[in-house]
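> Knowing the structure of chain A, use the given hints to seat chains B, C and D on it.
Residue numbers (the numbering used here), protein chains in the order written: chain A, 301 to 435; chain B, 301 to 435; chain C, 301 to 435; chain D, 301 to 435.
Please keep in mind that the hints were generated in silico from the structure rather than gathered at the bench.
Check before you lean on any hint, since a few could be wrong.
Copies of the same chain look alike in the list, so a pair counts if it works inside one copy or between any two.
Stated by the list, open to error - Mimicking DSBU-like on lysine-lysine, the simulated pairs with C-alpha atoms at most 30 Å apart in a straight line are:
no., residue 1, residue 2
1, Lys364, Lys425
2, Lys364, Lys389
3, Lys413, Lys376
4 protein chains.
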Amino acid sequence: MLPQVEISVVIPFYDVDSMNIAWHGSYIKYLEDARCALLNEIGYNYKDMSESGYAWPVTAIKVKYIQPALFMQEIKVRAALAEYENRIKIKYILTDNMGGIIAKAETTQMCVKIATRETLFFSPKVFLDKLERYR
Amino acid sequence: MLPQVEISVVIPFYDVDSMNIAWHGSYIKYLEDARCALLNEIGYNYKDMSESGYAWPVTAIKVKYIQPALFMQEIKVRAALAEYENRIKIKYILTDNMGGIIAKAETTQMCVKIATRETLFFSPKVFLDKLERYR
Amino acid sequence: MLPQVEISVVIPFYDVDSMNIAWHGSYIKYLEDARCALLNEIGYNYKDMSESGYAWPVTAIKVKYIQPALFMQEIKVRAALAEYENRIKIKYILTDNMGGIIAKAETTQMCVKIATRETLFFSPKVFLDKLERYR
Amino acid sequence: MLPQVEISVVIPFYDVDSMNIAWHGSYIKYLEDARCALLNEIGYNYKDMSESGYAWPVTAIKVKYIQPALFMQEIKVRAALAEYENRIKIKYILTDNMGGIIAKAETTQMCVKIATRETLFFSPKVFLDKLERYR
Chain A
301 MLPQVEISVV IPFYDVDSMN IAWHGSYIKY LEDARCALLN EIGYNYKDMS
351 ESGYAWPVTA IKVKYIQPAL FMQEIKVRAA LAEYENRIKI KYILTDNMGG
401 IIAKAETTQM CVKIATRETL FFSPKVFLDK LERYR
Chain B
301 MLPQVEISVV IPFYDVDSMN IAWHGSYIKY LEDARCALLN EIGYNYKDMS
351 ESGYAWPVTA IKVKYIQPAL FMQEIKVRAA LAEYENRIKI KYILTDNMGG
401 IIAKAETTQM CVKIATRETL FFSPKVFLDK LERYR
Chain C
301 MLPQVEISVV IPFYDVDSMN IAWHGSYIKY LEDARCALLN EIGYNYKDMS
351 ESGYAWPVTA IKVKYIQPAL FMQEIKVRAA LAEYENRIKI KYILTDNMGG
401 IIAKAETTQM CVKIATRETL FFSPKVFLDK LERYR
Chain D
301 MLPQVEISVV IPFYDVDSMN IAWHGSYIKY LEDARCALLN EIGYNYKDMS
351 ESGYAWPVTA IKVKYIQPAL FMQEIKVRAA LAEYENRIKI KYILTDNMGG
401 IIAKAETTQM CVKIATRETL FFSPKVFLDK LERYR
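In isolation and in its complexed conformation, chain A is listed as follows (with noise of 0.2 Å):
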């Protein structure tokens, strides 16, 4: 089975907008903590990355917001690697303690090889090395 995380976050006042509940924007710092815990679990966080030559830069995002997010609510992100072959996919859920859910999102990410700048249309072996275990 595919890596995946959860991690927890308790909405801080500096992310809530004028309706006390998590400004839209926010999320997407969710997603990236979701996403580097992901990688630590795989060993390939963004450190590894660029220590192996390469960038994963995020090359699509999409949000779904199902119902708000309030000031001091704990929420769970969870994020589940979808595609890894050619380039890296990440589903994310996110849910509030009873599982109800809040948001889905996804991230895309390409691979660039930082010496030559050239993007990559297979993940390089070192990533996928990474996730031998998990298959």
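The following block gives chains B, C and D in isolation, referenced to the frame of chain A:
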């Protein structure tokens, strides 16, 4: 023709990441800046919305990142109203000064009656009236 | 002894600047995270404040930056209540895992009665009562 | 006379908190916007700095908040160079459109030689030369 506007953004230092390019999450602010300019142009900005008894939370967001935006680079963000009858859908194109595409995006907003917290599936008259002069 | 708390922050990617260190403005969030933890500990957090009829806006902030905090570095933020009779003054020390000082800071908050918008020059009883057990 | 500049900021939705006023931490961005405009005016912006072999990290920041800045309010941020011989000290005044003071602030930046990471206690000639025409 449906309304559209274009704004300029100079990528500030606080938005750039360790690559010296705008962090992908910062684009959500640029979209909001352009959206607010578009709603001002229509005469139905966030203040007008809440004074009219309605809130229009963002319910979906999509961004495709084509090329990076560099620190201090001036970019253009064009926002065009794409749907208005049942919800607000706005399409965005971010370009560099040569017209090269930096990103494309889309946001969807649903109308919520503040008093009853009920979601409307048709845009209220107050908003449609504002669009009269564009048709 | 007056209350104090310590929290951990792992510097996230979205907070780092082109030097790969936390942008100096991001520290304001870490201070707020620590301050909210301290106020939780006291039993008088932002929700309790507004339910008690008072708001406590930040009226002054000072930060001294001693050494940078790196991407993914875990830092500690200690917040200690320093004054409470007439206003809330909190002092902060940010340290690395070896105890090396990263920054020092101080925030001041004044009490405003929400109903009348009047500034109080003595802390209200509801807050002083919460501090009873620390004296 | 030492250089000074004034910029305009319209408080964006993503900066306001649950009171519908700019979150106090957002001011650090407005200060940076004004500081960058001042450094542009001097002809020694962040790019010029690093091209000259020096970085100028912010080592201290102080803000006094006098009155709130509201969502969509246009404010002015005036930045004036206050010291330059040994470090850069800039003083800021944020005002509303009637000249009423919203906040006062001060930032200090030390000069670091990038190649050696050594802190300089006298400003380098490249910067002093840029100030020649103001004296």
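> When no copy is named, should Lys413 and Lys376 be tagged within, between, both, or neither for a Cα gap of at most 30 Å?
between (33 Å within a copy, 28 Å between copies)
> Within a copy, between copies, both or neither: where do Lys364 and Lys425 come within 30 Å Cα-Cα?
This pair counts as between: shortest inter-copy Cα distance 26 Å, intra-copy 33 Å.
> Within a copy, between copies, both or neither: which one fits Lys364 and Lys389 at a CA-CA cutoff of 30 Å?
both (16 Å within a copy, 13 Å between copies)
In this structure, none of the earlier numbered hints is contradicted; all agree with it.
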